[in-house]
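**Q** Spelled out from the first residue to the last, the chains are:
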Amino acid sequence: MQFNSIFKALGVIVLVVALGLLVPLAYSYLTEQRDFIALAISFGVTVVAGLLLLFIPKSERHFKSKDGFALVSFGWLAAGLFGALPFWFSGATASFTDAYFESISGFTTTGASILSNIEGLSPELLLWRSLTQWFGGMGIIVLTLAIVPYLNIGGGMSLFQAEVPGPTAEKLTPRIQDTAKVLWEVYAILTVILIGLLWLAGYSLFDATCHAFTTMSTGGFSTQNTSVAGFHNPLAEWIILLFMTIAVINFALHYHFFFRNFKVSQYWRDAECQFYLGLLLAAALTILATIYFTQEGLDATVIRGVFFTVVSIMTTTGFGTADYEYWPVYGQFLLLLLMLVGGSAGSTAGGMKTVRVLLIFKYMYGEMLKLLHPNLVRTVKLGEGIVGRSLLSSILGFSFIYLTVMICSVLLVSIEISDLTTAISAVIACLSNIGPGLGEVGPTDNYGHLGSFTKWVLSLNMVMGRLEILTLLLLFLPQTWKKG
Amino acid sequence: MNIIIAGAGEVGYNLIAALYRDYPKITVIDFNGETLERIRNEFGVKTLEVNLVDCPLFNHRGMEEVDLFLAITSDDETNMISCKMAKEAGAKKTFCRIRQIDLQGSKRKQTQETLGIDVVINPVRLAALELTQLTLTPNLIEKQDFFGGDMLLVGYRVQPYCQIIGKSGKEVRKWLLERNGELALIMRNERSIVATSEMIVEEGDRLYFFIHSYLHSDLRAYLGYRQYQKDRNRIFINGGGNIGLWLAKALEEEGYEVKIIEINADRCQYLSEHLEKTMVLNFDGTDKNQLLAEGLEEAHHFYSLTNNEEVNIASCLLAQSLRVPRTLALVKQVEMTSIIEHATPIHAALNPRQVTGKYLSRFVKGITLSSFCNVGHIEIQEMKMDADAPCVGKDLAALGCSVDLRIAMIKRGQKFILPQADTVLGAGDQIILLFHQLDRKKARTLFHAKEVV
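Going line by line, the protein sequences match chains C and A.
Every letter in the first sequence is one number past the one before it in my numbering, and letter 446, counting from 1, is 650.
Every letter in the second sequence is one number past the one before it in my numbering, and letter 162, counting from 1, is 354.
One or more hints might be untrue.
[What the hints assert, rightly or not] So the derived label-pair ranges between C-beta atoms look like this:
1) C:681 - A:446: 50 to 56 Å
2) A:355 - C:533: 42 to 48 Å
3) C:570 - A:606: 32 to 38 Å
4) C:570 - A:293: 29 to 35 Å
5) C:601 - A:434: 34 to 40 Å
6) C:594 - A:242: 50 to 56 Å
7) A:447 - C:570: 20 to 26 Å
8) C:570 - A:536: 36 to 42 Å
9) C:472 - A:269: 40 to 46 Å
10) A:293 - C:687: 49 to 55 Å
11) C:497 - A:489: 46 to 52 Å
12) A:310 - C:570: 41 to 47 Å
[To be verified] Derived BS3-like pairs: lysine-lysine, alpha-carbon spacing no greater than 30 Å straight-line:
13) C:585 - A:469
14) A:557 - A:633
15) C:375 - C:566
16) A:299 - A:284
17) C:574 - A:480
18) C:467 - A:299
19) C:585 - A:299
20) A:469 - C:574
21) A:301 - C:467
22) C:566 - A:441
23) C:585 - A:441
24) A:441 - A:480
Because the hints were derived from the structure by calculation, they are not lab data.
Glycine residues also receive a C-beta, built at the ideal position from the N, C-alpha and C atoms.
So here's chain C without its partners, still in its complex pose:
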């Protein structure tokens, strides 16, 4: 491990977080200055820490890919740490555990909160909460790669690969730094469009900005206790629904749309996009059907609520408009499954990713055919492309590890949580970066009442989910720490 190089690069990442802290600080200075002191101290601490790390001399030896994985893991854990300072210093949270949970929940775009009264928070802290999600959505490392042109260490691609979700990260431009830059450009353009639309739909500029940040990153933090439902603005809900869907489509497609004269119809031709939208529609319609047949019937509010919730859950955003705990159990369980599936690769969403699920189904179909025809030779295809054996086996391995981590985490949190539904759904909601779960962590509740051990397990789950598990899990492998 090249600790010197890792910590030096970590310094850059911490400074990027400090740069982010400037935004709520400036906002606070210009408005009521409720938490100005807390933010100023946090900023100071972060800058000093960042500079100290930056002055560590670079080590001579070559930066290996395992150093890259370690840097990404430490980078995220550190971002959570410094991001938590404003919450802690301002006294908005009862303990540092809570502050860290809130901060990491922001950066990983989970949106699980320990706060019971969100409206009681100062506007500058609300802005910081939303901003952490916006940073986390496209990725802190990708952001660092984009704004610090040359991190002065090797392994750019392995860093990128470690952070961008999905089985394979697509290099859109020859230089990885340029790819990071265009991805952030696309992300920023879409966010600005959304701010404008929400503002036109009747949100205040502050609410529009906060919600645009958390929608595009599929985070799910709101400025209201009752989330998006609190605004009673159906038009804005449809707009947010649309942009959640957009945010979960592979950003490579968006890049082609914005910069490469891509036609809208080509989105539909993408195999993953097709599957994703189909799944979304099927889930929403069957839930509507069960509600229609088991409960008193449908009206516009219910239909909107179902669509919004299904999209919000499957895109791993976690905004709430309807309390789905009143739905038939079918609907609740389906939501839990959708949480596991998550969004598309290369987007801001969490979960196992639709493309992996799709490929696993295709692989299973092939294996079944093989039982009928023992000599069959079959290649799994995705759209026009061919999916190689090694990629398939890595996907199968990933899915297995994902489920293993999930089960072990449920085991750990059930030490403190007495209700099985709550335990399972809390882990899934954190691992897949959704936010609200079922039971005691349902859409109308929060994570505040859980024990601190549980909170640390869930915090770790969120980072694991965001970095697709293996990056972080590598740190627990003895070989990673050995020399050579």
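With chain C fixed as given, assemble chain A onto it according to the hints.
**A** Then chain A, alone, in the frame of chain C:
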């Protein structure tokens, strides 16, 4: 018509055999003196023993008088280079045989132009195309474009299951008339018979129709072939070479259930990557137990297309013993095709070189005449009426048309006319003429087609 044929291999030999009577000005180039001697003795054509690329003809003035340059050696690169040289030396049309290199991409036209190639023929692709046609339309015995592809002449052999059996000539004519088509000929017991209104269609007849190309599949449905084919869509292909791959690709698009058997595991991987619905199976195509396990007994077709002639014959015989309704073997020697078809229970044999030769000779004839084909003793030819032709301005009754010499169809501008006794021919009309071989002279003087050299 001045023709140069470069390459006197099997394809070249068969081509010369098909052409030498009609085209006296053929020059054959090859570096093998013995083959050339044989050709010279047999056909009496001019030969030149030289390495093609060094050929002095390319620097010669005479190249400007060459109408057709056919590069059909077994080497793709030689063919391509010689085409370029011939074109630059002034040859009017060049023909290039390319086997391995796939000039099918989006830049194909451009590449072909820079290489000076007018027409590319790929024997493997031709064979796959021929097989596709054989599978999709097994009873099609003739297909020829007329009027630049607007009109088709198609010939079908009437099978026992055809709905058309028992219908009278009048009924068939009526159906065709509504679609601007025409019943051209009926062959019964190797003799053409007159398609009168009272005549009843029988099993085994060969019917020849003129039909608009876009109505061809309607005609197939009318005759009863389409439904029959639809129920016979399970096909086994043994051997996943390029012919097998392209055939499978074409057939899977037509809704066939294709199973392709290949012994080489790596090739199987390649096949599975390039095919969508086809099942790629990795085992030896002569393994009876495996074939049975995959349901060969329920298959409708079994084609063996490996590189190995013996394997093809053996596996076809195996399929035959399991009562597969249609078997076909790929063979390398031309003589083998008729041996297999007549002396073994295997239904058909295909030789890619023969297919190429057939295609080539047809193409050469197609350049000189607008469109031409013969059915038994009857020749069918497309002609354009010049203003000074003796027949212009006369009606058909006055021309003395008979059963052995008649006009089947007239194209005037964009309109198709079915000729009647009082139809008057005009200058610029395009006609399709049917005549008996013996009446060729009479037909040509009457309608004044330019005599072929």
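**Q** Each of the hints needs a verdict: does it hold here or not?
**A** Now for the hints, and whether the structure bears them out:
About 53 Å separates the C-beta atoms of residue 681 of chain C and residue 446 of chain A, a value consistent with the hinted range of 50 to 56 Å. For residue 355 of chain A and residue 533 of chain C, the Cβ-Cβ distance of about 58 Å falls outside the hinted range of 42 to 48 Å, so the restraint is violated. The beta-carbon spacing between residue 570 of chain C and residue 606 of chain A, approximately 53 Å, falls outside the hinted interval of 32 to 38 Å. For residue 570 of chain C and residue 293 of chain A, the hinted distance range of 29 to 35 Å is satisfied, since their beta carbons lie about 33 Å from each other.
For residue 601 of chain C paired with residue 434 of chain A, a C-beta distance near 37 Å keeps the hint of 34 to 40 Å intact. Between residue 594 of chain C and residue 242 of chain A, the C-beta spacing of about 53 Å keeps the proposed range 50 to 56 Å intact. A C-beta distance of roughly 22 Å is found between residue 447 of chain A and residue 570 of chain C, which places it inside the suggested range of 20 to 26 Å. Between residue 570 of chain C and residue 536 of chain A the Cβ separation comes to about 38 Å, which falls inside the hinted range of 36 to 42 Å.
Checked against the hint of 40 to 46 Å, the pair residue 472 of chain C and residue 269 of chain A passes, with Cβ atoms roughly 44 Å apart. Taking the beta carbon of each, residue 293 of chain A and residue 687 of chain C are about 53 Å apart, inside 49 to 55 Å as hinted. Between residue 497 of chain C and residue 489 of chain A the beta carbon distance is about 48 Å. The supplied range of 46 to 52 Å therefore holds. For residue 310 of chain A paired with residue 570 of chain C, a C-beta distance near 45 Å keeps the hint of 41 to 47 Å intact.
A C-alpha spacing of about 11 Å is found between residue 585 of chain C and residue 469 of chain A, which places the hinted pair at or below 30 Å, so the restraint holds. Between residue 557 of chain A and residue 633 of chain A the CA atoms are separated by roughly 18 Å; this keeps the pair inside 30 Å, and the hint holds. For the given pair, residue 375 of chain C sits about 25 Å from residue 566 of chain C by alpha-carbon distance, which is consistent with the 30 Å threshold. Restraint check: the Cα-Cα separation between residue 299 of chain A and residue 284 of chain A comes to about 23 Å, which is no more than 30 Å; the hinted pair holds.
Proposed proximity of residue 574 of chain C and residue 480 of chain A is supported: the alpha carbons are some 19 Å apart, at most 30 Å. Under the criterion of a C-alpha separation no larger than 30 Å, the hint pairing residue 467 of chain C with residue 299 of chain A is consistent with the structure, at around 24 Å. At roughly 26 Å between alpha-carbon atoms, residue 585 of chain C and residue 299 of chain A fall within 30 Å of each other, so this suggested pair holds. Restraint check for residue 469 of chain A and residue 574 of chain C: satisfied, since their Cα atoms lie roughly 14 Å apart, inside the 30 Å limit.
Between residue 301 of chain A and residue 467 of chain C the CA atoms are separated by roughly 27 Å; this keeps the pair inside 30 Å, and the hint holds. Pair hint residue 566 of chain C plus residue 441 of chain A holds up; C-alpha atoms about 21 Å apart against a cutoff of 30 Å. For the proposed pair residue 585 of chain C and residue 441 of chain A, the alpha carbon gap of about 16 Å is at most 30 Å, so the pair holds. Distance hint between residue 441 of chain A and residue 480 of chain A is fulfilled; the C-alpha atoms sit about 25 Å from each other, no more than 30 Å.
Consistency note: the structure conflicts with the earlier hints numbered 2 and 3.
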